[in-house]
Structure formats: C-alpha cells, structure tokens
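Student: Line by line, the protein sequences are chains A and B.
The number in this note's numbering is simply the position in the first sequence, starting from 1, with 109 added.
The number in this note's numbering is simply the position in the second sequence, starting from 1, with 109 added.
Quick look at which bits of chain A chain B covers, simulated, 3 or more residues with Cβ under 8 Å:
#1 220 to 231
#2 253 to 263
#3 270 to 283
#4 372 to 380
Not close to chain A: a few residues of chain B, all C-beta gaps over 10 Å, as computed:
#5 Q139
#6 A154
#7 S173
#8 N388
#9 R408
Hint data in this document are derived by calculation from the structure and do not stem from the laboratory.
Note that the structure is predicted; figures quoted are calculated from it, not measured.
We put the beta carbon where it would ideally sit given N, CA and C, even for glycine.
Protein chains: 2
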Amino acid sequence: MKNSSLKIWSNVKYYETAMKLLRQGTSDHQLILVSETIREDPSLASADIAFGQPDAEVVRQSSSLRWVHLDSAGYEKFDTRLMHSDLRSRGAKLSNSSSVYDEPCAEHLLAMMMGLARRIPHAFENQLKDRMWPMMELRAASYLLAGQNVVLLGFGAIARRLVELLTPLRMNLVAVRRQKTGDEQIPVIVESELEKYLPIADHVINILPANASTRNFVNAARISVMKRSAIFYNIGRGTTVDQEALLAALHSGQLAATYIDVTDPEPLPPGHPLWTAPNCFITPHTAGGYIGEKERLVRHFLYNLRRFMTGENLLDQII
Amino acid sequence: MKNSSLKIWSNVKYYETAMKLLRQGTSDHQLILVSETIREDPSLASADIAFGQPDAEVVRQSSSLRWVHLDSAGYEKFDTRLMHSDLRSRGAKLSNSSSVYDEPCAEHLLAMMMGLARRIPHAFENQLKDRMWPMMELRAASYLLAGQNVVLLGFGAIARRLVELLTPLRMNLVAVRRQKTGDEQIPVIVESELEKYLPIADHVINILPANASTRNFVNAARISVMKRSAIFYNIGRGTTVDQEALLAALHSGQLAATYIDVTDPEPLPPGHPLWTAPNCFITPHTAGGYIGEKERLVRHFLYNLRRFMTGENLLDQII
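All chains, please: the whole structure from these sequences, using the hints.
Tutor: Right, here's the structure in full:
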C-alpha cells in the first residue's frame with residue numbers, strides 16, 4: 110500500500126497532552142515537527158501532508174504535498190483562484206478545522222446576544238465601578254428576544270449551529286448566502302435582498318470569512334439603513350467591516366450597540382477608538398476557544414488522516 | 110349579574126401606557142388607585158379585588174376581598190399556613206404574575222451561564238481597564254456547555270422554560286422539587302438525593318422562592334460537597350443562601366464562581382464584601398425585567414379578571 114507511511118509536516122505548537130496525541134496518532138508515519146514557518150522550509154515542500162499553518166505559496170508550488178489540513182476555521186491565504194486551480198490540477202486536497210469551532214463560536218454569539226438583552230455588561234460595569242443598585246434602569250432596558258428579527262451574514266457551520274441554539278428563543282431568522290443549497294433550516298436571501306431585510310433587523314450577525322468579495326461588506330451604506338435600535342455582531346473577520354463607518358454609527362446613535370470578537374488590526378491597540386466607543390463591546394478573538402480545543406484539533410486531523418488513507422472525502426474539505 | 114361591577118383596589122404605579130391599559134380594561138368596574146400601601150387602608154379592606162402589592166394582613170382579615178392578584182412572582186408574605194386557611198375558608202383566591210417573569214428569568218439564567226462559559230465579563234473587564242488582547246488566556250479558560258451537569262434547585266415555570274432554552278446545548282439536567290408531578294421534562298430528585306448530585310454538578314442553579322423551608326437552603330454543608338470547578342447561580346431570593354458560606358467558598362476557591370441576581374439585603378450596600386469577592390458576579394435583581402413588562406403585568410391581570418368574572422380557574426393561581 111503506497112500510502113502506508115507518509116511524511117507529515119506540522120508546525121502546530123500545542124500543550125503536551127495534545128502533542129502527545131498527535132505523535133501517537135501519526136506513529137505509522139514520519140512526523141516532522143517544525144517550530145518556525147519559513148518560506149524556504151524544505152521539509153514542507155517535500156512532505157506529503159501538512160497540518161497547521163503552512164506557508165500558502167510553498168503549498169501551492171509543492172509537487173509532493175497531497176493534502177493540507179489547516180488548524181483554523183479561517184483560510185484566507187488559501188482562498189484564491191490560483192490556489193484552487195493549482196491544487197485541483199494536481200489532485201491535492203485542502204481542509205480546515207471549521208467543525209472544531211462551530212460550537213464555541215455559536216455559543217459565543219449566543220452569549221453576546223443574551224448578554225446585551227439582559228444588560229449583563231452594564232450590570233458588571235456597575236459592579237466594577239459604582240456598586241449602586243441600578244435595578245429599575247437595567248430592567249427597563251432589558252428585552253426579550255422572542256419575535257425579534259435576525260439577519261445572518263454568512264451561513265456555514267457556525268450559523269447552522271447558532272440557528273439550533275436560537276430555536277427555543279423563537280426569533281425570526283434569515284441568512285444571506287452566496288449559494289443556496291436548499292437544506293438550510295431558515296430562509297436564505299441573496300445579497301441584493303439585504304436592502305429589504307437590514308431595515309427591519311434587530312440583530313445583524315456577521316459570520317463572513319475574509320476574502321476579496323467580503324472586504325468592507327458591512328459598510329456605511331449598509332449600516333445607514335439599519336434600525337437605530339439594531340445591534341451588530343461580528344465574529345467573522347475584522348476586515349469585512351468598515352470600522353470607520355461602524356465607529357461613526359456608534360457615536361451618532363445610528364446603531365444601538367455592537368459586539369465584536371474580531372477587529373482590524375488584531376490585537377487592537379490599547380488606544381484604538383473602538384475600545385471606548387459608546388455601546389461597543391469587544392471580546393479579543395476568543396469566540397473559538399475552549400478547554401480541550403487543541404486535543405479536538407488533533408483528533409479532527411487524525412480523523413481526516415484515516416479518511417485520507419482510505420480515499421474517503423474529508424471532513425471540512427475545501428478543495 | 111351580581112359580579113357585573115366590582116371594586117378593584119390597586120397600588121401599582123406604572124408608566125402611563127400601562128396605567129391607561131389598566132383603566133381601559135377595568136372600565137366596567139370601580140378602579141381605586143392608591144399611591145400608598147398602608148395597613149389602615151379602608152379601600153383595600155372593603156374592595157372585592159386587589160391588584161398589586163396589598164398588605165398581607167389586611168388581605169387575610171378582610172371579609173370582602175375575594176381575589177388578590179400580585180404583580181410579582183414572589184409571594185413570600187402570602188405563603189403562610191394562616192393565609193392559606195383563612196383565604197380558603199372564605200373562598201377567596203390568590204394569584205401571582207409568575208408567567209410574566211418565566212421568560213426573562215430563564216433568559217437571564219442563560220445569559221449568566223453563557224457569559225461565564227465564554228468569559229464575557231473577563232473580556233469586558235479588560236476592555237474597561239487594560240485594553241490588552243488576552244486572547245490566549247480567555248480562550249484557554251472558555252468551555253463548552255455540552256455534557257456538563259446541571260442541578261436545578263426548584264422546578265417551576267422559570268426552570269421549565271430554562272430547560273427548553275438549554276435543550277440544544279445538550280447538558281445533563283436534574284431538578285430538585287418538593288412534589289413531583291410527573292410531567293417534568295427532566296429527571297426530578299428529592300432533597301435527600303442532593304448529596305449524590307451536588308458533587309458532580311458543574312452548575313448549581315437556585316430558583317427557590319423565599320419561605321420558611323428554603324431559608325439558607327444553600328448552606329456551608331451543601332457548598333462544601335460541590336466541585337471546586339462548580340458555578341453557583343441564584344435568581345430565586347437572597348435569603349435562600351447562606352451568604353457568609355458563599356463568601357468563604359469564593360475566597361477559598363471551594364467554588365469556581367457565582368452569578369447572583371438576588372442578595373440579602375437588597376439593595377446590596379456599596380461596601381458589601383460580595384461586590385468584590387473573587388469570581389462573584391452580580392446583577393441587581395434585574396432577571397425579571399424587560400421592555401413591556403408593565404403592560405404584560407396589566408394584561409395578565411385583565412386576562413385573569415375575565416376568568417374571575419366567569420368563574421374559571423386563574424392563570425398562576427396559588428390559592
């Protein structure tokens with residue numbers, strides 16, 4: 110069996126229990142662990158499989174790499190036409206780890222939505238500062254989610270899971286998706302229909318990946334048609350939002366609030382105006398994280414490794 | 110029809126839209142709006158119906174009051190044997206507004222649980238103070254709720270709704286209930302079984318009402334058997350918890366965190382040690398509040414008024 114022992118390159122650096130799992134799970138193969146990601150890395154170019162965050166150009170030009178598994182949900186540098194055509198032409202595969210991240214990201218969005226609805230940050234700010242008892246003010250500003258309108262920008266695994274989590278809350282959900290597959294649990298609209306749905310949305314949730322077509326997707330024009338009571342969330346990528354427009358909308362009251370997990374740049378510098386903009390709430394790109402995340406990443410790779418060896422379709426296969 | 114025009118006493122003081130709704134909905138009757146609740150109030154003692162927060166002793170001794178509808182979920186002062194026997198003996202009814210509060214309270218608990226799981230308060234504290242980018246620390250401390258164990262102390266309308274909201278999160282739920290009705294969606298245990306379930310609980314959620322049997326229900330002995338990683342929530346009443354024991358457990362690390370909406374006393378004084386105890390998160394009795402709450406309270410009363418007039422069972426009838 111020609112596939113029996115392969116050269117697996119990896120630049121992941123996890124805590125020991127996860128690394129041990131990786132070494133054990135790849136013991137039939139030659140595991141090459143590198144600590145640096147460099148363009149001239151000959152071990153990457155000559156490997157059969159890469160796991161982690163390999164250099165995209167080396168991957169594209171390598172004639173030996175047959176499968177690249179990214180340990181992230183994002184794959185911006187691999188989302189180019191050239192990459193697609195070059196990998197396809199030599200029968201190489203690309204997969205990512207999105208199913209490791211759909212659950213925590215969906216739970217993170219639920220936490221953001223519930224937090225604002227119940228004025229959780231406002232109560233916590235009182236606890237840290239004044240320690241008064243703003244019961245009446247916070248109760249009067251809290252709201253129930255039932256019956257409110259949600260527009261999801263993007264509809265992948267995270268959105269699918271979020272829809273499940275939101276189901277008992279009885280909200281009205283629609284999603285914008287480039288290509289409708291017909292198996293979505295909620296109505297799907299196309300980008301041109303956004304102008305009809307944004308003005309009635311109470312919650313606009315951005316889960317878009319970063320690529321050429323999503324840059325500044327949420328721009329001044331789109332924000333301007335939203336309700337003044339609307340809340341904008343972003344756990345996609347910071348570059349999909351025109352941050353200047355977002356800042357202006359928060360300062361003018363054109364948006365009631367925003368809860369964002371991603372910014373441009375990251376880390377957001379301590380003096381950046383988003384930190385102190387009115388009703389702007391920021392989590393520092395934590396939406397995907399959880400205890401056991403690294404073991405899950407390794408298990409996902411090993412699961413796909415077994416499928417790769419038997420020629421089956423990969424989980425989270427992109428190319 | 111002898112019931113056609115009744116004397117309805119009320120001491121509610123809501124914003125105008127809700128008061129207008131109340132006046133319109135009771136226009137067939139004589140509505141007596143009082144601004145003070147006093148023991149000697151002759152209009153209460155001689156009314157047919159009371160809506161709001163009437164004095165419990167006047168209610169108990171009045172020979173004319175046939176129905177009291179409380180505009181709260183709590184009914185501590187009416188939860189006595191004497192009240193039960195006196196009202197029953199003269200065929201008077203008591204109802205509360207618990208179904209106005211089950212949804213916001215269940216959503217509040219979900220917000221607390223999701224917030225801690227996703228380190229939402231920790232991220233917000235960073236935003237208010239240092240404005241660094243503690244991505245790795247917060248990701249590593251975040252956790253998924255799936256598979257975690259929940260013990261609910263109390264199983265009424267709020268718990269029922271919380272179970273629905275938690276269903277897609279796939280947690281393991283059990284509830285302690287005085288009397289099992291058999292229609293609970295989750296396993297119900299009796300108080301004596303708590304010693305088996307508390308040691309494996311990741312989340313202990315207190316929704317108990319205040320009465321003689323629930324005072325200090327969560328005491329040092331019960332806290333001592335909980336896991337050191339357990340989180341304790343309270344949206345019931347502050348008096349059901351031994352706050353000294355809770356404080357000690359937070360300081361010793363015997364409890365990982367607590368999220369409480371009720372305290373004893375309320376308001377909690379600015380210098381109270383709970384405000385600054387480690388991993389203690391406080392919302393100022395806001396769990397039941399929401400935009401439209403007062404209209405909902407009036408509508409609930411008016412709904413019951415129609416049922417009272419036709420002799421039907423009341424919604425949220427206690428006696």
